[in-house]
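2 protein chains.
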Amino acid sequence: MVDLHLTILGCGSAKPTMRHHTSSQIISRLGKHYMIDCGEGTQRQFHKFGFHEGQLENIFISHAHGDHCLGLIGLLSSMSLNSRHQGINIYIPANFEQILKAQIDFFMPHTEYGIYIHPIDCQEPTLIHTDEHFEVTAFPLSHRVPCYGFLFKERQGKRHIKPEAIQTYNIPYPEIEFIQSGHDFTTTDGKVIPNEELTTPPVPTRSYAYLSDTQPMKKYVELLQGVDLLYHDATYCEGDEQLAFLYDHSTASQAAEFAQKCNAGKLILGHFSSRYNNEERLLECAVRHFPHTILANEGLNVKIVDKTEDGTTFIERKE
Amino acid sequence: MVDLHLTILGCGSAKPTMRHHTSSQIISRLGKHYMIDCGEGTQRQFHKFGFHEGQLENIFISHAHGDHCLGLIGLLSSMSLNSRHQGINIYIPANFEQILKAQIDFFMPHTEYGIYIHPIDCQEPTLIHTDEHFEVTAFPLSHRVPCYGFLFKERQGKRHIKPEAIQTYNIPYPEIEFIQSGHDFTTTDGKVIPNEELTTPPVPTRSYAYLSDTQPMKKYVELLQGVDLLYHDATYCEGDEQLAFLYDHSTASQAAEFAQKCNAGKLILGHFSSRYNNEERLLECAVRHFPHTILANEGLNVKIVDKTEDGTTFIERKE
Chain A
309 MVDLHLTILG
319 CGSAKPTMRH
329 HTSSQIISRL
339 GKHYMIDCGE
349 GTQRQFHKFG
359 FHEGQLENIF
369 ISHAHGDHCL
379 GLIGLLSSMS
389 LNSRHQGINI
399 YIPANFEQIL
409 KAQIDFFMPH
419 TEYGIYIHPI
429 DCQEPTLIHT
439 DEHFEVTAFP
449 LSHRVPCYGF
459 LFKERQGKRH
469 IKPEAIQTYN
479 IPYPEIEFIQ
489 SGHDFTTTDG
499 KVIPNEELTT
509 PPVPTRSYAY
519 LSDTQPMKKY
529 VELLQGVDLL
539 YHDATYCEGD
549 EQLAFLYDHS
559 TASQAAEFAQ
569 KCNAGKLILG
579 HFSSRYNNEE
589 RLLECAVRHF
599 PHTILANEGL
609 NVKIVDKTED
619 GTTFIERKE
Chain B
309 MVDLHLTILG
319 CGSAKPTMRH
329 HTSSQIISRL
339 GKHYMIDCGE
349 GTQRQFHKFG
359 FHEGQLENIF
369 ISHAHGDHCL
379 GLIGLLSSMS
389 LNSRHQGINI
399 YIPANFEQIL
409 KAQIDFFMPH
419 TEYGIYIHPI
429 DCQEPTLIHT
439 DEHFEVTAFP
449 LSHRVPCYGF
459 LFKERQGKRH
469 IKPEAIQTYN
479 IPYPEIEFIQ
489 SGHDFTTTDG
499 KVIPNEELTT
509 PPVPTRSYAY
519 LSDTQPMKKY
529 VELLQGVDLL
539 YHDATYCEGD
549 EQLAFLYDHS
559 TASQAAEFAQ
569 KCNAGKLILG
579 HFSSRYNNEE
589 RLLECAVRHF
599 PHTILANEGL
609 NVKIVDKTED
619 GTTFIERKE
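First to last, the sequence lines map onto chains A and B.
Sequential numbering from 309 applies to the first sequence in my numbering.
Sequential numbering from 309 applies to the second sequence in my numbering.
Treat the hints with care, as some may be off.
Because identical chains cannot be distinguished in the list, a pair is counted as satisfied if it fits within a single copy or across any two copies.
To be verified - Think about it this way: if two alpha-carbon atoms lie no more than 30 Å apart in a straight line, the pair counts; the simulated DSBU-like pairs of lysine-lysine are:
no., residue 1, residue 2
1, Lys527, Lys569
2, Lys356, Lys340
3, Lys340, Lys611
4, Lys340, Lys466
5, Lys611, Lys499
6, Lys461, Lys340
7, Lys409, Lys323
8, Lys499, Lys527
9, Lys356, Lys323
10, Lys356, Lys526
11, Lys611, Lys409
12, Lys527, Lys611
13, Lys611, Lys466
14, Lys569, Lys526
15, Lys323, Lys470
16, Lys461, Lys569
17, Lys356, Lys569
18, Lys527, Lys409
Hint data in this document are derived by calculation from the structure and do not stem from the laboratory.
The following block holds chain A by itself, in its conformation from the complex (with noise of 0.2 Å):
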């Protein structure tokens, strides 16, 4: 099974403090790099913590606060400095749109790559983005304004041929594929065997969520189910409820309620309010509704797995 990382690049919230850099992650598969959201200062996080620009070639940006995507323009003029070719796609909420590209018009006036601006405007978890390697949704938040989570979910596998079902069954190699993709065999003298006899299935996919910036979203608890990483919005902690409803926020333990009903994998908590010294007392209170959470915090890479497993590992934690 290929490896598919999560890395936080930042994990702070609206107002800057020393502790946490505003809101930018990097999902990796096969050496592609897929960025979701871009505050300022992302592109030297995204060169500190060793990614390369010519990888990424898709970037989703929840929403339209500063500290979602003040970055996005500085790393775009960047990648044209560095004379890049291949085109971006940036996935956008419909509302950015013309500030965007009125900011990409002053600031890139001779840019020679291609930046495929993808508005996104719906009432309904909607599919956005496929490639070999995911199937993108996004869903609408409740946050101030248009705000969108996405669900990642890698794209089905083929199934596996058995070798000695090749050799019993004598099937020519042109017909291996069309097997792979469950389509029973037909052998000379017209037997029909079933693509269960021939093959084993493919390897599970795996999946991934963000939800920051948002109340909390029952609505999403199908749509997630199983879900094997979840990031959440926590700005807030237990007891801030008030503030987070005010500021359509969530805290940790609503997080982690959310993660419970989904039965996710694992629950990441992130954008944490700058209000706090250290978000230990967020972690106590999540676990007690769900176990299986960490804290976010800048250069901490979580292997996304299948969801009985641990995939946590953390390359660096701060600068």
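With chain A held as given, fit chain B onto it using these hints.
Below, chain B alone, put in the same frame as chain A:
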């Protein structure tokens, strides 16, 4: 004499590196901070080196290339989140006005403090700002887009009245301020006492000039004659004059030649190209032309003094 300090927040050039942040610096006098340029991530550097938003009321942007201004909207947004009420002056090249206003309108719709944008559009050195601390003159540089240098001249203090003169000529209290401003005094019997006999000169004023990004600007040798501290574009090293010319920048040697012609007190080289792993070679080249040269670095803090003194102190080199 009150302290006057320059602190470098960032002295890299456009391509991001782990060695340097993009351009920004702070001049401090009597608890007031003046910011020059504001590249991406400046707000973090500003807080890292212990500055306070409440003491910042004037920002000067040299030109609208991203590495000199992309941090502005984040800084202004954070001030809003921090419930700022006092106004702020922002001096910018006129071509930056429209997009900056569009960004402010979009990212800061609920701002409660005044953001006073002062577009600069001059062909000759022009006084753009005056307060109790400084007179700031903008002068056009030679770069690919409208770009200005800034000359900070400390305001001339009043002359000091000699205590013995007050006694000798029985000078009434209300006259003293008038005499300190340079006027003569007429005694009750009509005798005119020249000001020089009544006062000693004010403490010498100090000056600072910022020239980045630009080709060498010999035309300003007279304007900047005797400047106490000079920060100059030194993007390239000796041998890379053609690159410097092509991209409208300077080499370290050109910066030093200019400092020597200006009879400057001290030169700080900055805006280093990402191509150099360290800037020692730039310094070596520069000191051949002008010995009183130092390299900028994040956290470098320079006490600006009369040009006969050495006022360099380092508070922190790097993160």
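Against the structure, the hints come out as follows:
no.	hint	verdict
1	Lys527 - Lys569	within (11 Å within a copy, 71 Å between copies)
2	Lys356 - Lys340	within (17 Å within a copy, 34 Å between copies)
3	Lys340 - Lys611	within (15 Å within a copy, 48 Å between copies)
4	Lys340 - Lys466	within (20 Å within a copy, 66 Å between copies)
5	Lys611 - Lys499	neither (45 Å within a copy, 91 Å between copies)
6	Lys461 - Lys340	within (15 Å within a copy, 53 Å between copies)
7	Lys409 - Lys323	both (26 Å within a copy, 22 Å between copies)
8	Lys499 - Lys527	neither (47 Å within a copy, 93 Å between copies)
9	Lys356 - Lys323	both (22 Å within a copy, 14 Å between copies)
10	Lys356 - Lys526	neither (36 Å within a copy, 40 Å between copies)
11	Lys611 - Lys409	neither (35 Å within a copy, 43 Å between copies)
12	Lys527 - Lys611	within (27 Å within a copy, 60 Å between copies)
13	Lys611 - Lys466	within (22 Å within a copy, 68 Å between copies)
14	Lys569 - Lys526	within (8 Å within a copy, 71 Å between copies)
15	Lys323 - Lys470	neither (56 Å within a copy, 52 Å between copies)
16	Lys461 - Lys569	within (19 Å within a copy, 65 Å between copies)
17	Lys356 - Lys569	neither (36 Å within a copy, 41 Å between copies)
18	Lys527 - Lys409	neither (33 Å within a copy, 38 Å between copies)
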